[in-house]
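Asks: Next come the chains, spelled out residue by residue.
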Amino acid sequence: MIIGEIIGTVISTIKVSKIEHTKLKVAKIIDPFGRPTGKYFVVEDGVGVGVGEIVLISDDDVVVNRIVGVEKAPIRSAVMAKVDKINIFDLDNLEN
Amino acid sequence: MFIGRVIGNIVSTAKRDELQTAKLFIVEVYDGRLEPTGKYEVSFDAIGIGLGDYVLVCGGSAARMPEITSKMPADSSIMARIDDFEKLKKEFKEV
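Protein chains in written order, with the working numbering: chain A, 674 to 769; chain B, 2 to 96.
It should be emphasised that the hints constitute simulated quantities derived from the structure, not laboratory data. Quick caveat, the model's predicted, so the values are computed rather than measured. Please note that a few of the clues may not be correct.
Only pairs whose alpha carbons sit at most 35 Å apart, straight line, appear in this in silico DSBU-like list of lysine-lysine [what the hints assert, rightly or not]:
no., chain 1, residue 1, chain 2, residue 2
1, B, 24, A, 712
2, A, 688, A, 701
3, B, 16, A, 712
4, A, 712, B, 40
5, A, 688, B, 16
6, B, 88, B, 16
7, B, 90, B, 24
Where chain B lies over chain A, by a calculated footprint (3+ residues, C-beta under 8 Å) [said to hold, decoys possible]:
no., segment
8, 674-682
9, 729-735
10, 749-761
Residues of chain B placed beyond 12 Å of chain A at every Cβ, according to the derived structure [to be verified]:
no., residue
11, 8
12, 48
13, 67
14, 94
Where a beta carbon is used, it is the ideal one built from N, C-alpha and C, also for glycine.
With the rest of the complex left out, here is chain B (with noise of 0.2 Å):
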């Protein structure tokens, strides 16, 4: 699991049968200081988010646990959204 930012969508039309009702979200992947990694990764929706958000990813056979992705074939879904991201990374660097 991490933290990531959402920074874009993917528009797809030709794909998987399974895929229709999917929401793919390409998050930005940050490291434990808080800070972007470069490193990026597509995500599937499971909450309803939005641009910019901050939120935790998961990986692996996790990402099929939610009722929404349960169906999907993903590997990688955004399982909740930070609520007071500046708070966090505040308090991160005052430990």
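The following block holds chain A by itself, in its conformation from the complex (with noise of 0.2 Å):
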């Protein structure tokens, strides 16, 4: 999974009928520290996740399709988690 920042949503009415009922957003890839990679990704909501927020995105297309609940949808990214916190030890510095 990759993290990113949720920058906007697509607005879009006519669509293949089998992705009628989803949301999509568009999310700027970055990395851990908060770095853009320069990638942006259209994503599938189904958490609910507004703009400004980190997420947890799915780029592997047998999951999406898992998620997403459609058999054979049209989606290769979906947003999986919204990210609280992220983590990250100083290993060579740790104290204890």
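With the hints as a guide, bring the two chains together.
Replies: Have a look at this one:
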């Protein structure tokens, strides 16, 4: 899975019938330190996240198909979780 | 499959139901010379590892093969822990 920041919503009326009920968001892909990697994904949102929130995104077709709940859904990436906190430890300078 | 180091974890409360029992770690990806590449991956824990451990990570559908992750929507799982990384690195340099 990869980390992303939601930066917008995609509004679309005409969709393939299999994904009619889905909500689509635009995510900027970032690394664990918050630095942008330069990639952007359109992701299916079944968790309910807002603009500015940090999320976990799965980019595995099988996983996303299982998660969306529609057989052979034409979706490749989806929001899996809302991130509360990312803990990064400076492993070379641990105190205990 | 690649070698990496566990450098952190992720705390999350609002998530999909299938993820409720998942333990998620941030793994720094190492290259063939056993140096960090600056790339990171969020991986599911299938064995019970700790911070700072050097691990083997497997991606793709193989990530859902272990019993722990079989019910989870895993696309990247930590499969093994490397016992002696320094020794391994030394051996790599000598070759």
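Asks: Each hint needs a verdict: does it hold in this structure or not?
Replies: Results of checking the hints against the structure:
no.: 1; hint: 24(B) to 712(A); in the structure: holds, 26 Å
no.: 2; hint: 688(A) to 701(A); in the structure: holds, 23 Å
no.: 3; hint: 16(B) to 712(A); in the structure: holds, 23 Å
no.: 4; hint: 712(A) to 40(B); in the structure: holds, 13 Å
no.: 5; hint: 688(A) to 16(B); in the structure: holds, 26 Å
no.: 6; hint: 88(B) to 16(B); in the structure: violated, 40 Å
no.: 7; hint: 90(B) to 24(B); in the structure: holds, 28 Å
no.: 8; hint: 674-682; in the structure: holds (count 3)
no.: 9; hint: 729-735; in the structure: holds (count 5)
no.: 10; hint: 749-761; in the structure: holds (count 9)
no.: 11; hint: 8; in the structure: violated, 6 Å
no.: 12; hint: 48; in the structure: holds, 18 Å
no.: 13; hint: 67; in the structure: holds, 15 Å
no.: 14; hint: 94; in the structure: holds, 20 Å
In the structure shown, a violation is registered for the earlier hints numbered 6, 11, in ascending order.
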